[in-house]
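Engineer: Take the sequences, apply the hints, and build the full model.
Letter by letter, the chains look like this.
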Amino acid sequence: MQHTSLEERKQHYHDCMSQYKAKIVICGGTGCIANGALEILHRFEEVVEAKGLKITVALKKEEADYILSESGCQGFCQMGPLVTLYPQGIFYVHVKTSDVEEIVEKTLLQGELIPRLLIHDDESGEPLADTAHIPFYAKQERTTLKLCGMIDAQDIDEYIAHDGYAMARKAVLLMTDEQVCQEMTASGLRGRGGGGFPTGRKWDLTRVQVNETKYVICNGDEGDPGAFMDRCVMEGNPHSVIEGMIIAARAIGGTCGYIYVRTEYPLAVERLKLAVKAAKEAGFLGENIFGSKMNFDIIIMEGAGAFVCGEETALMASIEGRRGMPMPKPPFPAVKGLFGKPTVINNVETLATVPVAMLMGVEKYAAKGTAKSSGTKTFALTGHVAHTGLIEVPFGTTLREIIVNIGGGVINDDGTNGGSNFKAVQIGGPSGGCLTQEHLDMPLDYDNLLNVGAMIGSGGLVVMNQQTCMIQIAKFFMQFTQNESCGKCVVCREGTRQMLGLLEDIAEGNATKESLELLEELAHVVKVGSLCGLGKTAPNPVLSTLKYFRDEYHAHVFDKHCPTGRCQALRTYSIVPELCKSCSLCAKKCPVHAISGAKGVPYVINQEVCIRCGVCMETCKFHAIVK
Amino acid sequence: MQIPIASKFDRVCQILERHQRNPHKLIPILQEIQAEYHYLPEEIMTFVSTALGISTSAIYGVATFYSHFTLSPKGKNIIKVCDGTACHVKKSESLIQAIEKELGLSNKKRTSEDLLFTLETVACLGACGLAPAVVLNDKVYGFMTPEKTLELIRDIKAKEVQS
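Taken in sequence, the protein lines are chains A and B. FYI, in our numbering the residues of the first sequence are 1 to 627. FYI, in our numbering the residues of the second sequence are 1 to 163.
For the record, the hints were derived by calculation from the structure and aren't laboratory data. Check the hints yourself; a few may be wrong.
Said to hold, decoys possible - Derived pair list, reagent style DSBU-like, types lysine-lysine, alpha-carbon separation capped at 35 Å: (1) K589(A) <-> K159(B); (2) K589(A) <-> K109(B); (3) K146(A) <-> K488(A); (4) K61(A) <-> K139(B); (5) K621(A) <-> K527(A); (6) K108(B) <-> K627(A); (7) K157(B) <-> K74(B); (8) K341(A) <-> K277(A); (9) K527(A) <-> K80(B); (10) K139(B) <-> K273(A).
Structural biologist: Shown next, in the form of structure tokens:
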């Protein structure tokens with residue numbers, strides 16, 4: 001195998017594929033698997049074979065009529081399980097095992113569409129046959145994610161057939177280390193993990209260090225709640241991450257690589273292990289890679305559940321077998337990193353973008369996006385939006401385009417179309433901030449976001465409707481960072497705890513004007529005084545909600561009222577007299593006997609006695625109780 | 001069922017050998033030990049300390065730092081409720097409350113009396129498209145409601161009673 005060239009393997013793959021009449025791709029991302037994608041895959045095998053036809057799976061590529069392939073996450077998790085039929089590209093959603101027989105009989109054998117399983121246009125109601133016409137996909141620009149969701153993650157040949165490893169080979173055999181760094185600088189690629197440091201410069205800083213041993217680390221410790229793009233890349237196209245690491249190793253003179261993956265992503269770990277094994281067998285990893293003198297190997301390490309390990313110095317401590325606590329910088333990892341050796345550490349998405357940008361031509365890649373943030377960015381679009389999933393757009397796209405055109409608009413709590421019910425978007429997880437109505441038309445890039453007090457972070461975009469209480473959101477993130485604070489520096493350890501306490505006071509109606517002032521002061525102290533990125537950015541959710549939703553804080557503090565009714569202690573329940581049928585059910589259920597009334601007269605709640613448990617509201621059959 | 005002491009240490013030895021008794025591999029070693037015993041027993045950690053030449057306090061430090069490690073036995077079935085941002089705004093808290101009520105758990109008490117269930121809340125499973133999500137014994141369930149969650153638990157309880 002080692003001596004077959006990439007071209008030969010590519011040709012062989014295409015020859016092999018041309019024998020099949022159709023290719024059935026089933027999305028095998030975490031979301032679709034949870035909804036039964038694997039059962040559907042097996043059902044296809046059964047049904048096709050029962051018809052006396054032959055079907056094979058992508059990894060085997062036996063002689064057959066049809067081929068079945070399991071792809072990585074296609075991003076449209078909400079519509080899963082997803083089944084795509086090539087060559088036409090027919091896209092079926094919400095497929096159940098019971099639909100398989102019909103798909104085989106009608107679509108596969110007779111070429112007929114099944115309208116029930118297609119996506120329908122929101123406005124005209126017309127069924128849309130393929131992904132090119134579905135707004136969710138048509139409005140995106142899938143670059144890094146292009147192959148993710150198309151190819152079989154477990155099949156190295158399919159990656160090679162799409163020009164995979166060609167750039168790694170070029171870098172190793174035909175380019176000098178300096179040229180690779182220059183190429184990356186020319187692409188304008190900036191770190192996708194949040195900080196946005198130029199990748200080419202980072203590599204160059206490590207390259208100039210003289211040392212026999214240098215490390216390349218892929219940071220797959222994607223801990224931001226509400227972000228899952230790195231998971232999708234690792235699950236859906238693990239070879240692109242490996243190729244990016246080989247190129248990085250070439251650039252810096254790296255000898256050994258580590259991929260640090262969250263333990264919460266078992267499927268990603270499994271697929272990466274398979275991919276590393278396949279790359280080793282092909283001679284892309286190990287000794288004398290691509291027939292050159294270069295040696296480079298990759299070790300996969302599972303995290304053990306600590307958010308702070310996403311911070312580079314903490315991550316390295318964790319690989320070394322210690323508590324994942326950050327170290328002051330300098331020295332930077334480029335000078336003294338893992339085991340004291342020069343180390344380059346990049347995020348998953350950054351590394352996966354490297355071969356894509358090189359293949360496209362770095363100038364062409366640099367031309368995408370905005371002047372200072374070139375290229376495309378993946379976002380995990382979630383929360384109160386009609387279409388949740390993984391998306392990719394060029395930098396400079398506005399929030400409105402993302403939420404309305406791709407996400408299909410805001411939804412209400414019950415899932416119905418929310419129209420103008422938009423309240424805020426939380427971007428960048430616990431390090432980021434909230435953006436409001438006024439930012440809907442702002443082009444998204446690294447610098448614009450920093451200017452308004454948020455950051456791109458790893459790219460979680462959580463849309464929130466008007467029924468969301470911003471104090472609860474700020475409290476949620478503070479709870480998270482307080483919990484994950486490693487405890488090394490006092491400012492972060494004690495600061496986040498005190499801030500959380502103050503937010504709890506606000507949510508419970510125990511806060512005063514002084515609490516609000518103290519909260520703001522503390523937020524600034526934690527921001528400047530903390531050792532690492534976790535602490536420095538922890539106050540962002542509080543500061544940005546204070547900035548844009550101060551009136552909501554005031555309502556909680558001064559009026560002891562939660563405008564959305566989400567803060568239990570500040571809720572008031574009342575009975576609408578017109579709707580009350582005097583059935584007395586609520587009065588019987590009330591644990592503190594706060595409800596009284598008589599037959600024929602509407603019941604009332606004594607607010608002095610009420611403990612705001614909400615039982616009455618659940619009990620009322622006439623929806624007469626409101627909060 | 002009590003595991004005989006000798007065979008108990010046999011398996012730790014195998015794990016240590018697999019990692020060449022390299023102290024830098026402490027985390028993978030502890031992960032494999034936990035996979036074997038479902039928690040990190042004290043005597044095993046002392047043993048690892050001697051074998052790797054790391055002080056017991058350093059090992060205890062690592063074991064308590066990472067949330068994945070546990071020092072007390074876990075239940076037979078592990079329920080993980082995702083409380084990431086997306087799940088949180090889609091009311092994952094109501095799932096947690098329902099489970100706590102059903103199994104008699106609290107903030108401090110995460111494993112049920114009968115050692116059948118352990119409830120864990122995780123920061124984000126990365127299954128935000130399915131929010132709110134619950135993982136029961138490594139199988140992901142999406143778009144959960146308190147009722148559906150309790151149904152899962154009761155199913156397992158019923159099966160336990162049968163066997």
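Engineer: Each hint should be assessed against the structure and marked as holding or not.
Structural biologist: Checked hints:
no.: 1; hint: K589(A) <-> K159(B); in the structure: 34 Å, holds
no.: 2; hint: K589(A) <-> K109(B); in the structure: 29 Å, holds
no.: 3; hint: K146(A) <-> K488(A); in the structure: 41 Å, violated
no.: 4; hint: K61(A) <-> K139(B); in the structure: 29 Å, holds
no.: 5; hint: K621(A) <-> K527(A); in the structure: 50 Å, violated
no.: 6; hint: K108(B) <-> K627(A); in the structure: 31 Å, holds
no.: 7; hint: K157(B) <-> K74(B); in the structure: 16 Å, holds
no.: 8; hint: K341(A) <-> K277(A); in the structure: 26 Å, holds
no.: 9; hint: K527(A) <-> K80(B); in the structure: 32 Å, holds
no.: 10; hint: K139(B) <-> K273(A); in the structure: 20 Å, holds
Of the numbered hints given earlier, the model fails hints 3 and 5; all others are met.
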